[in-house]
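Student: Here's the letter readout for the chains.
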Amino acid sequence: MNSGRIVALAAIVLLALEPTLAPYIRVDVTIVSAALLFAIAAMSANLLLGYTGLPPFGNAAFFGLGAYGCALSIKYLHVHFFTATVFGMLAALLGALVIAPFLVRRRGIYFGLLSIAFGQVFYFIAYRFTDVTGGEDGMAVTRPYLAVPSFTFKETAFYYLSLAVFVLSVLAFKAIVQSPFGRTLVAIRQNELRVRYLGLDSNRFVFVAILISALFAGLSGALSAMLYGFIAPLTSLDWHQSGDFVLATILGGSGTIWGPLIGSIIYVIGRDLISSITPYWQIFLGALFVACVLGFPRGILGTILARFGTAPLSNEPEEANWTQSPAIAADHHG
Amino acid sequence: MSGSAFNRRTFVKGAGAGAAALVVGVPAFIPRLGEAADALKIGVLEPYTGTYAFPGENETIGIQMAVDAWNKKGGVLGRQIEIIKEDEQSKPDVAAQKARKLVNQDKCVALIGTVSSGSSLSVQKASSDMGILFFASGGHTDDVTGKNCTWNTFRTCHSTWMEAHATAYTLAKKFGKRFYFITPDYAYGHALQTAFDDVIKQIGGTTAGTDLTPLGTTDFSSYLTKVTPAKPDVLVVLVQGDDYTNCMKQADSFGLLKKFPVGGPQVELEPLYGLAPEARTGVWGIEWSYSSDTCLGKGNKAAHQFVSDYYAHYLNTQKKPPTARQCFGYVSMDRMLAGMAAAKTTDSVKVARAIEGEKFQSIFADGGYYRKEDHQLMWPMWVAEIRPNGTPKDPNDLFNVVAKHDPDSIEQSVAEKAKICKMTYPS
Amino acid sequence: MLEHVGPQLFNGLVLGAFYAIVAIGLSLIMNLTGTINMAHGSFMTLAGYLAFTMIARGTNFWFAFLVAPLLAVLVAIIVERTLIRPLYGRDPVYSLLLTFGLSLIAEEVFHLVWGANTLPFTPPAVLSGTLALGFMNFPVYRLFIVLVLVLAFAALALFLYYTRFGLRLRAAVQDSEMIAALGTNTQMLYTINFGLGILLAGIAGVLAVGLLGLNMTTGNTLLMPAFVTVIIGGMGSLYGSLVAGVLIGIATSLMTLYVPAASEVIMYILMAVVLTIRPRGLFGEEGLFG
Chain A
1 MNSGRIVALA AIVLLALEPT LAPYIRVDVT IVSAALLFAI AAMSANLLLG YTGLPPFGNA
61 AFFGLGAYGC ALSIKYLHVH FFTATVFGML AALLGALVIA PFLVRRRGIY FGLLSIAFGQ
121 VFYFIAYRFT DVTGGEDGMA VTRPYLAVPS FTFKETAFYY LSLAVFVLSV LAFKAIVQSP
181 FGRTLVAIRQ NELRVRYLGL DSNRFVFVAI LISALFAGLS GALSAMLYGF IAPLTSLDWH
241 QSGDFVLATI LGGSGTIWGP LIGSIIYVIG RDLISSITPY WQIFLGALFV ACVLGFPRGI
301 LGTILARFGT APLSNEPEEA NWTQSPAIAA DHHG
Chain B
1 MSGSAFNRRT FVKGAGAGAA ALVVGVPAFI PRLGEAADAL KIGVLEPYTG TYAFPGENET
61 IGIQMAVDAW NKKGGVLGRQ IEIIKEDEQS KPDVAAQKAR KLVNQDKCVA LIGTVSSGSS
121 LSVQKASSDM GILFFASGGH TDDVTGKNCT WNTFRTCHST WMEAHATAYT LAKKFGKRFY
181 FITPDYAYGH ALQTAFDDVI KQIGGTTAGT DLTPLGTTDF SSYLTKVTPA KPDVLVVLVQ
241 GDDYTNCMKQ ADSFGLLKKF PVGGPQVELE PLYGLAPEAR TGVWGIEWSY SSDTCLGKGN
301 KAAHQFVSDY YAHYLNTQKK PPTARQCFGY VSMDRMLAGM AAAKTTDSVK VARAIEGEKF
361 QSIFADGGYY RKEDHQLMWP MWVAEIRPNG TPKDPNDLFN VVAKHDPDSI EQSVAEKAKI
421 CKMTYPS
Chain C
1 MLEHVGPQLF NGLVLGAFYA IVAIGLSLIM NLTGTINMAH GSFMTLAGYL AFTMIARGTN
61 FWFAFLVAPL LAVLVAIIVE RTLIRPLYGR DPVYSLLLTF GLSLIAEEVF HLVWGANTLP
121 FTPPAVLSGT LALGFMNFPV YRLFIVLVLV LAFAALALFL YYTRFGLRLR AAVQDSEMIA
181 ALGTNTQMLY TINFGLGILL AGIAGVLAVG LLGLNMTTGN TLLMPAFVTV IIGGMGSLYG
241 SLVAGVLIGI ATSLMTLYVP AASEVIMYIL MAVVLTIRPR GLFGEEGLFG
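Protein chains in written order, with this note's numbering: chain A, 1 to 334; chain B, 1 to 427; chain C, 1 to 290.
Since the hints were made in silico from the structure, they are not lab data. The C-beta atom is built at its ideal place from N, Cα and C for all residues, glycine as well. There could be a bad hint or two in this list.
[Claimed, not checked] Listed below are several chain C residues computed to face chain A (Cβ distance under 10 Å; list not exhaustive):
| no. | residue |
| --- | --- |
| 1 | Gly34 |
| 2 | Thr53 |
| 3 | Ile105 |
| 4 | Ala106 |
| 5 | Val109 |
| 6 | Ala125 |
| 7 | Met235 |
| 8 | Leu257 |
| 9 | Ala261 |
| 10 | Glu264 |
| 11 | Val265 |
| 12 | Leu270 |
| 13 | Leu275 |
| 14 | Leu282 |
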């Protein structure tokens, strides 16, 4: 585990030096901020997908609620930075409290589709109430002060803030998944029936997992709103955004702690770089999806860890082996 | 069986690794192609993917033509101009982030572009935060020169208010005062509807019905079947782009286009080319036409030069004549560069002051000027009848221009605008 | 108000028939192998483009209508064998992401080959015009869509219930391992099943471009309603997709009379209701997808 800590520390140091390196590697701070915030949302998807085994295709709804919660609180209540972020997270949490009772009773693809359905409803609400949310045109978000009136964020300052929030999020995430609660989630993913037989109410665990996931996604949404200075329903709430979070998670390695960061950096920065080079960048993006699913189902980090034999249980891509006899298969999953 | 599966997995893994490396590593080290050290860089933000890709590409052509023209004359301030293009994907957050990238990383001195209203507003905000000049060439929402107006942003295409007022009077005069509206149920549609209602009040017209079509409507049949019983004098279609194509196509299939006159505040050649000739009909507002002297100005050498330059360089690849989008791109870039030349600097504040209020002649009739109070380009707007098959000489020439409206007669007055737009320059 | 309901019901029926054709193809693919085909819309668009190109080169509409879907099936078979087969047995999330990636690639390939502009596509004269139905004038083309759906569904039912191959297909949905143990080449079964689903998509695609403009994003707009239809109808039931499609079509059309703003979101609300109360859908089978 020590080598893991060293690598993690090295990564953080490298990220901290990014603003100085930016002119040389031609990746400016705004896009790395975006990648870090994206990684927080990817972590929210990871909690549900990688650890609990549920497809989180509604997380864009929480992300969007975070963004709009933050933006609306700035517009109408003129709050400061931290309060705006908290408002965003609260909005996401409220949304989760509303839809989680419906979601907990389903698993698998039904879970995913139900979350898409709710997400689309939020999307239409944001679209419809043009006077409040700006509707299709979206709304501008002014970066509020950091409780110190004369200090508005410049890009670099915002970057360091994003980095700090990201590090805190990763630490929180680590604490959650390594706690008994987190381990129970993994157990649910592996064999929910057995968890129930052990006397635990799996639905309650899933419920809390959804709430925590919503908080992370809401945090990401609120900060992203302030980073871009502009939000719109299509990019904040639409289910394609959820798909992006899921892809980043799988690309980096679902079920691992640092996987979402790696996936997010590749996805966000890669997409930005390639779209600057060619208008046909979607071909490369699509090819990345295909290559990842076929060649790297464990994700980059997962594949590396598997090579060293330290891949976490929550990273297995659950392949069914068609040539095994039913008895062996039952034994493997039993 | 399992042997070949492993080989394939290894291959795909290698391919995947290669793809990932390509995605992240290599592009970072490739410098922007054709970068000259002393070039004056302008950032172009247009959609090159998604539903607005076609207008986005067309605007870019217009921008490039202006750049080529200026570079031939020696550039601006002794420097050659270079454009750096970014795909904003019609997504406001991407647009904002690319805007920042163009300015902070690529050192662009000004920004130009956008088609969708959301992107226009988003780039307006980002550029205003950065204090950088931005020409919104193709976003029509009133707010850009209305409640969101900023000192650094200039808008070239007509506002929704102008579009509605240019056409409503003509439609009423030609067909009658009873209107049926098919309106997209979002900000742009509401703005158009409000503007139309303003005219209806003034002429004493009536609304036979209004259908607000929500986002995502691809099938307009439910709304079209309501038109016949309402017996309007004219069917007014406010939807745009792909929705326009779908709506008109379906209206034709219901036989509505033969029963009722149809018209609207704005139509572009791009969606019209997507319709079969039977569905190309009606009286619409247009923002420019390459073939009509009413649009180009009689004897306007610059306009005719523009069209023939386009034919020389772009007709082979584009296969279609220039549209209003090329015009927006060209005029925006041309005036931006002229402003820099006049102010003898690229400093955004000085250039903005040099541009506003300055009358100029360009590739359209009568000339125009960017109004000082809100930075809206005040130029004429035209009304055209659609020729389904063009002319015998040119089957693409679909616009038969029937009227021209002066900008002052169709846009809100300075006094009215002053209530909405409060523009301040940085001290 | 009543004179308005009639036309809207009719509109809804036709719209629903269209959703049903797309949904049935999607359902076929999902039922057998658990593959969630996010590229279904892309195959529809492909068939539309191919039909357009054929007609532009001089063939008549009917020939294009028959051949374009078959060409799309050819592409589908190659895709299934190389890209989708490795995913059988895995979590459906993977097939979802992979086919989503394919849809991105497809969109840009369409952009490259046919350009970004919308292409004009007219149905032939015999299908144009309207039929006077008393309470409304109805486009002949839309009636044609209903006719095609009825024929397609009948053909599919005949195939599934009256041929040996159809029998094997139905058996494979119930229990793949058993039928493999009994000697059937299940891999080929999966390929043909996928091709069948895409054939329906291709037919729907050529029909669609008579209603909508043809460009690189056309198929994508129909994908989500198709998924919703499959869910409401119930996974595992083709009949369910048919009924659900019509239901959604009518609900959407009627909504435009009473609460137009909700007409596009009503299908998601219905889906949420169904998933909450009866997740297997109206006619679905218990146990499929957990």
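Student: For every hint, state whether the structure bears it out.
Tutor: Hints and how they fare:
| no. | hint | result |
| --- | --- | --- |
| 1 | Gly34 | holds (9 Å) |
| 2 | Thr53 | violated (20 Å) |
| 3 | Ile105 | holds (4 Å) |
| 4 | Ala106 | holds (8 Å) |
| 5 | Val109 | holds (7 Å) |
| 6 | Ala125 | violated (38 Å) |
| 7 | Met235 | holds (8 Å) |
| 8 | Leu257 | violated (18 Å) |
| 9 | Ala261 | holds (6 Å) |
| 10 | Glu264 | holds (7 Å) |
| 11 | Val265 | holds (4 Å) |
| 12 | Leu270 | holds (9 Å) |
| 13 | Leu275 | holds (4 Å) |
| 14 | Leu282 | violated (14 Å) |
When the structure is compared with the earlier hints, violations turn up for hints 2, 6, 8, 14 and for no others.
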